[in-house]
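A.B. asks: What follows is each chain in one-letter form.
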Amino acid sequence: MAAVGSACLVVAFLTVIYAAGAGLYAGRTGSRAAAVSGRRAIYCLAGLMLLATAILEAAYLRTDLSFRLVANNSSTDTPTFYKLTAMWSSQAGSLMLWVLLLSLFSSAVLYSTRKSLRDITPWATAVLAVVAAFFLGLMLFFEEARPFATLMPVPAEGNGLNPLLRHPAMMFHPPMLYTGYVGFTIPFAFAVGALITRRTGADWIHATRRFALIAWSFLGFGILLGALWSFAELGWGGYWAWDPVENASLMPWLTGTAFLHSIMIQERRGMLKLWNVSLVIGTFVLALLGTFLVRSGILQSIHAFGESTVGGPFLIFIGIVLVGSVALVITRRTDLRPEAKFDSLASREAVFLLNNLVLVALCAFIFWGTFFPLISEALTGKSESLGPPWFGLVVTPLALVLVLLSGIGPVIAWRRATVANLRRNFAFPVGALVATLLVLIFLTPAAGSGTSLIMFSFVGFTVAVVIQEFWRGSAARRSMTGEPRGVALVRLVGRNRRRYGGYLVHVGIAVMLLGVAASSAFADQQDARLSPGQSMKAGEYTITYRKPTAEILGDQSGTGAPITLGAILDVQRGNRHFVVSPSRNYYPSGDAGPISRFFEGEATSEVVVRWGLLGDFWAAVQPDIEALQGPIQEAESRFADSSGQVQATAIQAIVQSYANNPPPAAFRVIDTPMVVWIWLGGGIVMMGALTALWPGGSGRRRLSSVYAARLGRELERA
Amino acid sequence: MEYVLALVVLAVLVTVVVARPWVGGEDLGGRVDERRSELEAAKEAKYREIRDVQLDHATGKLSEEDYKKTDRELRGQAIEILKRLDELD
Chain A
31 MAAVGSACLV VAFLTVIYAA GAGLYAGRTG SRAAAVSGRR AIYCLAGLML
81 LATAILEAAY LRTDLSFRLV ANNSSTDTPT FYKLTAMWSS QAGSLMLWVL
131 LLSLFSSAVL YSTRKSLRDI TPWATAVLAV VAAFFLGLML FFEEARPFAT
181 LMPVPAEGNG LNPLLRHPAM MFHPPMLYTG YVGFTIPFAF AVGALITRRT
231 GADWIHATRR FALIAWSFLG FGILLGALWS FAELGWGGYW AWDPVENASL
281 MPWLTGTAFL HSIMIQERRG MLKLWNVSLV IGTFVLALLG TFLVRSGILQ
331 SIHAFGESTV GGPFLIFIGI VLVGSVALVI TRRTDLRPEA KFDSLASREA
381 VFLLNNLVLV ALCAFIFWGT FFPLISEALT GKSESLGPPW FGLVVTPLAL
431 VLVLLSGIGP VIAWRRATVA NLRRNFAFPV GALVATLLVL IFLTPAAGSG
481 TSLIMFSFVG FTVAVVIQEF WRGSAARRSM TGEPRGVALV RLVGRNRRRY
531 GGYLVHVGIA VMLLGVAASS AFADQQDARL SPGQSMKAGE YTITYRKPTA
581 EILGDQSGTG APITLGAILD VQRGNRHFVV SPSRNYYPSG DAGPISRFFE
631 GEATSEVVVR WGLLGDFWAA VQPDIEALQG PIQEAESRFA DSSGQVQATA
681 IQAIVQSYAN NPPPAAFRVI DTPMVVWIWL GGGIVMMGAL TALWPGGSGR
731 RRLSSVYAAR LGRELERA
Chain B
1102 MEYVLALVVL AVLVTVVVAR PWVGGEDLGG RVDERRSELE AAKEAKYREI
1152 RDVQLDHATG KLSEEDYKKT DRELRGQAIE ILKRLDELD
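Sequence lines, in order, name chains A and B.
So the first sequence is numbered by our numbering: it starts at 31 and just counts up by one.
So the second sequence is numbered by our numbering: it starts at 1102 and just counts up by one.
Chain B on its own, in the form it takes in the complex (with noise of 0.2 Å):
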């Protein structure tokens, strides 16, 4: 009996929990509001990429002519990131 009982109110506890989404009862969250997430990490890698490019040339671990190659490239990519930020508002 306490077993069926406990089987019966955590299987209930349960269904409900995981069939909120499918009746509308919570902000499944925008693809907008996804894809700014999205963006937001991406430049957060990037940026620390490009620190990190910075730190190795400071430090003797990147020539000049690859630091500058791949500082450029980065910062070009960080400016896309931050252009498509700007087209989600």
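Chain A extracted, bound-state conformation (with noise of 0.2 Å):
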């Protein structure tokens, strides 16, 4: 089947390059023959990247390890669960899933221009078949990015999943990072579109503006369930450490909230042209950089799988696409004026461009970050790195800026906020951000941090505007229907479900950043080295080394570990006690003995956490396995030349003689208060994106009989 998997990209390359072609004539001649064509090829590419991965899936399903990606990166003790996910974990895999996600994305967006914007379309079409044949030739015309390369002879075990991405986050994290990265795509192409066309009014914008909110969602979800994965699997206690790639994630999320606001003020008011397909280049190079760090090895990162020789034309595409995008911006500058001007600093589109500031200057700080140690050793000879704390000297006081900000945004007025606009809309948000304060200061220990003090005023203060935004907004619909409160309501924000979803993720991140400031400020985290019957404290926890754990086979959370060592802690906390069991887990090694091999391979930490609204209890242990070193040679070389069941049960025999002389296990606890409040927020942007994105009838009958009626009215007259 590989061979019909190598056919499938051969004609999927062919085939985008006609729709490159096809939609470049289409553009210039305005054939609609040769535009249809184009967008039919883009279908013919969906179908294509489908079947080419149903084979690479149900190779890894079936473990054919004559497929080299499957032998890599699978094996056949590895559970099926994983199996399924280990595509994305190799570079071939993962450009598969990026050239699938387009030819999706793709057709699902021809589908629904296929009836519009028939200037901008077929060169929609061509750059969206450009994206997808750079990546096509990616996997084509380099070794190590052939997704459907094969081994001969047949090996006879694969080398298994990294086990640090057995992790049901892991599960979903990929695709849903390059669902974004390759969402935004879309809107690109359509900006491109509209600028060769010089039809740079709103059209392209109302096109896909779904699709960068899909793609804003997913990107920012993915990015959710890394930090999830980071703070429940890597066994640090942190869930965000400014790695490269981390920050290559958040980059584009940035410059997309930052697209998805000023385009409302594009669609409102004609401003902004010129910003927004600005950031929109922005947002997709910015995304392509994504890709490129994960994929070249470029930076150090937890992330970046190896060295990679696809670095180059990555870089070489990368500047194409800034270079050409610049130049057509440059030669449409006369397009992209104003249609108004600002009236007043004190109007909603002046908050619009200052969120808009913040989030580009958030992003600048961080590409600076991220790219610092490539510039000091360019300038000096020397790679430095700036660290956690520099990132957060400059990214809390803009965080907390955007946080003021997001509740400003609702409820300022347009054009010019008069004095009576601020005390109406102000009044009550204000109020709400000195009564937190107040509270906080003489109820709770948060006075000893100004910043997480600012930082819960100023959510307060949003959460406040957001509730005062669905009060009055219901309350105008029942003054027009007389409706009931809650179904007028559920009727306003059914009607408005952009604003209103809007208002939700405001809200969501605002909890998120909530979460972020109280425990990054009042976590307590404690190392310490302990021998059953010991203890340590760990803010207002008491944890004593009950005895330790010694499996074979019994790792609880499935991810087909061979060993797990851990340890039963006694919790204490006031009057509360509980017990947990933290472990790590050992996985086998491909180039020691038959026996050391158990012990040499990659280990993972099984981190206990126990979640609480106001704060959590994290535990992490780290056994110390060199204590068995002396049985495991001793073992090595009585039992070398053994059968497979003798050296089973010396494994068993180590392993049980950790459990029964326990050497001093290494420990981190952290009490953290809020963690989970970070999850509920990202929770409730997803809520309010999906809002957002809920599809709504046609406007025929969303219209209501009074603006038909007076429209009907107005029409006869003019």
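The hints are simulated quantities; they were obtained by calculation from the structure and are not laboratory data.
Some clues are possibly wrong.
[Claimed, not checked] The calculated BS3-like cross-link candidates involving lysine-lysine, where the alpha carbons are at most 27 Å apart (straight line), are:
(1) Lys-371(A) x Lys-1170(B)
(2) Lys-1147(B) x Lys-145(A)
(3) Lys-371(A) x Lys-1169(B)
(4) Lys-1184(B) x Lys-1169(B)
(5) Lys-1147(B) x Lys-1184(B)
(6) Lys-577(A) x Lys-567(A)
(7) Lys-1184(B) x Lys-145(A)
(8) Lys-1184(B) x Lys-1170(B)
(9) Lys-1147(B) x Lys-371(A)
(10) Lys-1147(B) x Lys-1170(B)
(11) Lys-1169(B) x Lys-1147(B)
Make the complex out of the two chains shown on their own, each in a separate frame, by following the hints.
C.D. replies: Next comes the structure, spelled out in structure tokens:
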């Protein structure tokens, strides 16, 4: 079947070359046949990529080790759940995923615009096809990126999936991120089409706004899942490390956020056209950069799974996209002139622009911090990184401003805010801000951290703004229709999904940042080496190491680890007592002796987290297996040539010796407040995004009879 | 052999699909249909804008003067769209 998969990719490559040609021809000549044919070629691309992906996934599921990718990233004993996800742990597999997602997104947008944007769509088809051709070219012409390369002779066993990736969040994190990255190709392609045809109004935005929002939502959810994975799997106790690949995913999300806000100004007032095309170009380039960072290995990162030769072509492609797009924007600058001007700095337009500037500044700082090692190496010959404290220093004040603006934006008036407007809309939120501040100062220990105090107060302000908006909106509808309050509220949201979905997103982001601020400022992290019977303290918890655990094939998390060593801990907080059992999984290495390989491979922490609304308890253990080296070496020399059964008995005896004579183990325990609010906030954001994305009926059905009648009368008069 | 066979079969299938518009086997959609579709979308967007403005006014984010001005502009634009839709009939 590998041959069929390879044939799919070759035909897919030829198909997108044709689609690009057909799109360009249709764009230049207006040929309808060429435009439709190009669109159909993109549909064919989706079919071919679905077939190729199905072939590869089937090979993973049946562990067909003749596929090089399967042998490299899976094995017969890899759990089925992780066999399904192993595809995107490899470079070739993730490139496949990119093109598959791009083909599906492209098909969806070209189908939805099949009866509109006749001038722009052919050019957009060409752009989408060229992007697909680049990724398919990598898979066809670079040996290491070939998904259907085969091995001869076929190995007896595969390498297995990287143990760090054996976590449920990893099932969804990479495809979510990639869906986000890929999704931004759609508004980019249509922006290029709009620039080429000089149709720089809001048409291209109307056609692609939903895709941009889908991309933004998936990227955000992917980032959140990555943070959850980091917190629950990596064993260091945090959820964000300012790792280059984490940053690479955050940057397009920030510019994408700016884009989703600023297009409202273009739609409403015909302003910020140049800014919007620049943002969408920047977001797409950053999405490409994110993929490049993961796949090139250019910056040290836990995510960069090895050095790669596709880095060069990636960089060239990014350069071409950037230079070409900027040149296009410059040549069309006269078509991007605003149709209106800012009336006042105290207006919603100005607040949105300020919000955009803060988001872009955040992105610029993160870009600088991420690439600083490369910049410093180029200038001084020595690679230096800036580290989390630097990021915290520059990001924190900007995050505070963002939370405040996310509260001001929804209620400040368009064009020009009057004193009456400010008084009417800000009295309650400002009251909530002051009340939050006073409660925190006098009733909680939050006063110990100025940053947290400001953040909590701003969050109070933003939540109050949104409550006020829901209340006033439903009151306004109630007065017009006479509906009961609850019905009015539901119908208000249903008829204005984009607006009220957006408000929910604001609350979600504020709640997330509340969790970040609280957990950053008030966490108490303690490290200790303990023998059974000894205790340590972390925050308000007293932890006693009761006894070790040692199991063969006893991993509770289903990762397929053969050996698990851990500890049973008694935890006391006031009158509350509970028992937890953190552990560490050991996976066999491929290049050591028959017994020692079981102790010298990768190891992963199985962290224990007790979630709570106000505080979380987090614990990890690192057993000291140095003490087992003696028995391991002895067993290796005595049983190296023995049967598998004998070797298994020897391994079991070694593992049991750890339980019988436990050496001191290293523990990390964290009493951290409100981390769970980050995930709750993420849930609210997703709920808001879903509300905004929820499909509605046609304008004709949604148009109220009042509007229809009034418009009809005016039409007669006109 | 399997590779060549797959290549030929897939290439033929794709060719059949993409060639259809060229040989006249598909309704390509007339300019009038497309224009109507665009205008319907524009009308929907304009109605949404009118509702947005009304809600902004009702919740105190648009002064009376600005509301009247914006509402008049938007309704004028909506009427233009309706006129253009009528012209297609």
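A.B. asks: Give a verdict on every hint.
C.D. replies: Consistency of the hints with the structure:
{"no.": "1", "hint": "Lys-371(A) x Lys-1170(B)", "verdict": "holds (16 Å)"}
{"no.": "2", "hint": "Lys-1147(B) x Lys-145(A)", "verdict": "holds (19 Å)"}
{"no.": "3", "hint": "Lys-371(A) x Lys-1169(B)", "verdict": "holds (19 Å)"}
{"no.": "4", "hint": "Lys-1184(B) x Lys-1169(B)", "verdict": "holds (22 Å)"}
{"no.": "5", "hint": "Lys-1147(B) x Lys-1184(B)", "verdict": "holds (14 Å)"}
{"no.": "6", "hint": "Lys-577(A) x Lys-567(A)", "verdict": "holds (17 Å)"}
{"no.": "7", "hint": "Lys-1184(B) x Lys-145(A)", "verdict": "holds (20 Å)"}
{"no.": "8", "hint": "Lys-1184(B) x Lys-1170(B)", "verdict": "holds (21 Å)"}
{"no.": "9", "hint": "Lys-1147(B) x Lys-371(A)", "verdict": "holds (21 Å)"}
{"no.": "10", "hint": "Lys-1147(B) x Lys-1170(B)", "verdict": "holds (15 Å)"}
{"no.": "11", "hint": "Lys-1169(B) x Lys-1147(B)", "verdict": "holds (16 Å)"}
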